[in-house]
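Chemist: Below are the chains, spelled out letter by letter.
There are 2 protein chains.
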Amino acid sequence: MKYKEDSMIAEQKINDYLNELKSEAPAPGGGAVAALTGAQGTALIMMVANLTIGKKKYAEYEELNVSVRDQAQEVLDQLIRGIDEDKEAFEKVSEAYGMPKSTDAEKAARREAIAIASLGAGTAPLAACRAARRGLQLARELLGKSNRNLVSDLYVSALNLNACIRAAKLNVLANTPYIKDRELAELMEREVQEISEEADALSGEILADAK
Amino acid sequence: MKYKEDSMIAEQKINDYLNELKSEAPAPGGGAVAALTGAQGTALIMMVANLTIGKKKYAEYEELNVSVRDQAQEVLDQLIRGIDEDKEAFEKVSEAYGMPKSTDAEKAARREAIAIASLGAGTAPLAACRAARRGLQLARELLGKSNRNLVSDLYVSALNLNACIRAAKLNVLANTPYIKDRELAELMEREVQEISEEADALSGEILADAK
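Chain order of the listed sequences is L and U.
The end of the first sequence is residue 276 by our numbering, with every number in the run present.
The end of the second sequence is residue 276 by our numbering, with every number in the run present.
These are computed hints drawn from the structure, not numbers from a lab.
It is possible that part of the hints are untrue.
So the derived label-pair ranges between C-beta atoms look like this [said to hold, decoys possible]:
| id | chain 1 | residue 1 | chain 2 | residue 2 | range |
| --- | --- | --- | --- | --- | --- |
| 1 | U | Lys122 | L | Glu153 | 22 to 32 Å |
| 2 | L | Pro242 | U | Ser88 | 20 to 30 Å |
| 3 | U | Val131 | L | Asn80 | 17 to 27 Å |
| 4 | L | Gly269 | U | Ile181 | 29 to 39 Å |
| 5 | L | Gly269 | U | Ala266 | 11 to 21 Å |
| 6 | L | Lys276 | U | Val131 | 14 to 24 Å |
| 7 | L | Met164 | U | Glu259 | 43 to 53 Å |
| 8 | L | Lys122 | U | Glu160 | 37 to 47 Å |
| 9 | L | Glu259 | U | Asp142 | 12 to 22 Å |
| 10 | L | Lys121 | U | Glu177 | 22 to 32 Å |
| 11 | L | Lys276 | U | Gly209 | 57 to 67 Å |
| 12 | U | Met164 | L | Ser159 | 50 to 60 Å |
| 13 | L | Lys121 | U | Val131 | 50 to 60 Å |
No residue lacks a Cβ here, since even glycine has one placed at the ideal position from N, Cα and C.
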């Protein structure tokens, strides 16, 4: 039941979501914001493709735009799931920190629960990073090969996807120190660093002609 | 009737908003995305303040956090209004471009309508820029004077507000060339440039210690 309720942020009204976000409830927080920021950027890529497809002027890019649109839908789905995944993962971390710590056995169980929950809280934003990077690659593919009147929407998509990646990266790095498997934690840190560098390069390319 | 329907994006479900965004309807587009991206950043500032207020550890910053939270609510209201204002302004530009242009009189009327609509389509994102800059100033005020556990949410707020300003700036500059009053257009261009430079400096300060 709890899972079902929790997994419905995207079914909330925008106003209700913003009210919950600003409240003293610790979740949703920065992780959900990152995912929705990236989801908006991805939806903009789809809008640009949709307003290119079927136009005679861009006939030579028709196939590319259809393909990008379909791939962007997958990215969008992933990021919409990410809004909830991050919230749920965060709540598990909070629960773990709230566990009793009076006896040595309790302390050990709590530490173990924090380590497990931190792994989840690190992988959720890592998945968002990966999806948003794919989004940036798709935006890059449309540059110069889509409706010229909407190029500023491609620019905005790059701004949003890059902000998503930077924010999600912070959330990965906030959790990796508590992951027990140090080798895995370092792999995650390295991957998120690489994604973030690639994202800077990609959004730099996309925004090169923006004012 | 039209106005009422149009002014309700924030009353839509997130999923419905994203579906409309990705569709071949040209609005909502990048301007609405910029405003909602900034609104999320502002809501995060309020969350950080709300999770600081009442905590003994931060008693000395209680007043500051209450004040920042109340001011952030005004910024949030402005940005939520901005989601719709941008969409409406954009639709007026589209309508103007769709006007008949067979006779000289029609051409003149169309040109006049485009100039008037472009002014609206430039001032809507300019208002979003101003509000988001205020948001960044508020985030800066909370840095080091709010719940330390939530500092990464302040970082995310800076990322979102800066992305909002950069995107809104693009939308201002996309419209100013068509504004008839050239002096006003140049004032707008200068203001948005100044805001964007200040925003880069502010978010740089806020994110200085972020990984």
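Chemist: Taking the hints in turn, state whether each one holds.
Modeler: Checked hints:
Between Lys122 of chain U and Glu153 of chain L the beta carbon distance is about 28 Å. The supplied range of 22 to 32 Å therefore holds. Between Pro242 of chain L and Ser88 of chain U, the C-beta spacing of about 42 Å breaks the proposed range 20 to 30 Å. Judged by the Cβ atoms, the range 17 to 27 Å given for Val131 of chain U and Asn80 of chain L holds: they are separated by roughly 23 Å. Between Gly269 of chain L and Ile181 of chain U the C-beta distance comes to about 36 Å, which sits within the given range of 29 to 39 Å.
With their beta carbons about 20 Å apart, Gly269 of chain L and Ala266 of chain U fall inside the hinted range of 11 to 21 Å. The hinted window of 14 to 24 Å between Lys276 of chain L and Val131 of chain U is violated, with their beta carbons roughly 39 Å apart. Range check, Met164 of chain L to Glu259 of chain U: Cβ separation about 51 Å, and the 43 to 53 Å hint holds. Taken as a hint, the range 37 to 47 Å is violated for the pair Lys122 of chain L and Glu160 of chain U, whose Cβ atoms sit roughly 22 Å apart.
In this structure the hint that Glu259 of chain L and Asp142 of chain U lie 12 to 22 Å apart at CB is violated, the actual value being about 40 Å. Taking the beta carbon of each, Lys121 of chain L and Glu177 of chain U are about 30 Å apart, inside 22 to 32 Å as hinted. Taking 57 to 67 Å as the suggested C-beta distance range, the pair Lys276 of chain L and Gly209 of chain U does not conform, at roughly 34 Å. A C-beta distance of roughly 57 Å is found between Met164 of chain U and Ser159 of chain L, which places it inside the suggested range of 50 to 60 Å.
Remark: the range hint 50 to 60 Å for Lys121 of chain L to Val131 of chain U is upheld by a beta-carbon distance near 59 Å.
Hints 2, 6, 8, 9, 11, counting from the list given before, are not met by this structure.
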